[in-house]
Amino acid sequence: AQSVAQPEDQVNVAEGNPLTVKCTYSVSGNPYLFWYVQYPNRGLQFLLKYITGDNLVKGSYGFEAEFNKSQTSFHLKKPSALVSDSALYFCAGNFGNEKLTFGTGTRLTIIP
Amino acid sequence: GAVVSQHPSRVICKSGTSVKIECRSLDFQATTMFWYRQFPKKSLMLMATSNEGSKATYEQGVEKDKFLINHASLTLSTLTVTSAHPEDSSFYICSARDPQASSYEQYFGPGTRLTVT
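Chains X and L supply the protein sequences, listed in that same order.
So that you can map any letter, position 108 of the first sequence is 108 in this note's numbering, and since no number is skipped, the others follow by simple counting.
So that you can map any letter, position 70 of the second sequence is 1070 in this note's numbering, and since no number is skipped, the others follow by simple counting.
Just chain L, same shape as in the assembly (with noise of 0.2 Å):
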């Protein structure tokens, strides 16, 4: 099946930096990716659906200057996290779909532990 990775899987920075989440599909080409977050023992909250050579559209909620989005090229989007505060250490979990596929069949990467100090 379709891979999707994700660097770093585990970063801990401290309050007030920035950190940049890659989420890469390896073997097919994305058009579009989505950027979930997870808290712990807790669903995945969709924050943003991110298109090759546009803007992302971000959910209801989720702050576009905080975390930015960049989907540069069909196989890589990235989520950079802006002036990290404490409660925005999550589990952060990126998807991509296939346009080729029949469904609307989402493939996950193994997800990045963000920790701020």
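Chain X extracted, bound-state conformation (with noise of 0.2 Å):
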């Protein structure tokens, strides 16, 4: 089944160290793989996208995502977190169709 796992609900980071929100896929093939983030009452905002190439993704507000195949995962990384980076944040994929599979979302907390 196509699925998009995120394994965290929850990650703390102090501000200025580095951040990893974690993302992983099940399907075979090669999908495209998204990053949204959602601020509170609001939709979500696009930050990346893999569709091919490259594995290492930059994205908005000096996030980025690697696409490693053989371990299925796509995790969102900042080298230096900000407050402002507090937000839920969630990885969906695209796995041949319209529509978007989300992972269940990893409320991001960095603290000052």
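Keep in mind that the hints were calculated from the coordinates and are not lab data.
What you were told as hints is all true, and nothing was included just to trick you.
Part of the chain L face toward chain X, derived, beta carbon under 10 Å:
{"id": "1", "residue": "K1041"}
{"id": "2", "residue": "T1049"}
{"id": "3", "residue": "E1059"}
{"id": "4", "residue": "S1095"}
{"id": "5", "residue": "R1113"}
Since the model is a prediction, treat every value here as computed from it, not as a measurement.
Quick reminder that beta carbons are idealized off the backbone N, C-alpha and C, glycines included.
Two chains, two frames, some hints: make the complex.
Written out as structure tokens, the structure is:
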């Protein structure tokens, strides 16, 4: 079955430290993968996507993600966290149709 | 990037009444729009796929007579919650896909908070 998993409900990181939000997917073939961020009472904002090409994808607000086919992962990373990065992050995958399959979300809290 | 708007952003209605939520793509034509429902501290649940000029495709377990979807133009889809009840209270988010884009990226609206009293 096609699925996206975010194993951590909550991630806490000290301001200035590197952050990682994990995402794995379960499908054969090459999915399209996305990261979105959601602030309270707002819709989702696009951060970055992997379609093909370089495994390291750079996106908005200094975020990047690495597509790792052998580990079926697409972890979101940032070298130095800001308090304003605190939000809800969703990983999503497209597996050949128009729909996006979302992970359960990870709440990221950056501690000043 | 592409912009999707939703109206209203927040609505309170009485039990038994109907409420309509609009989703518009502002700078592109969207042949396909999606409606999601998000429960507190939960992920997005796809309710239906809205196709311009044809009937919406509902996900399993979503009542099509309860949640009426109309996609009459390439820039507008509407979701009508009919005979609303308190359990329909939720955050509803729409998204649109730009058919000119090379990927299946969806652009999301800001969401509508529905409270049924």
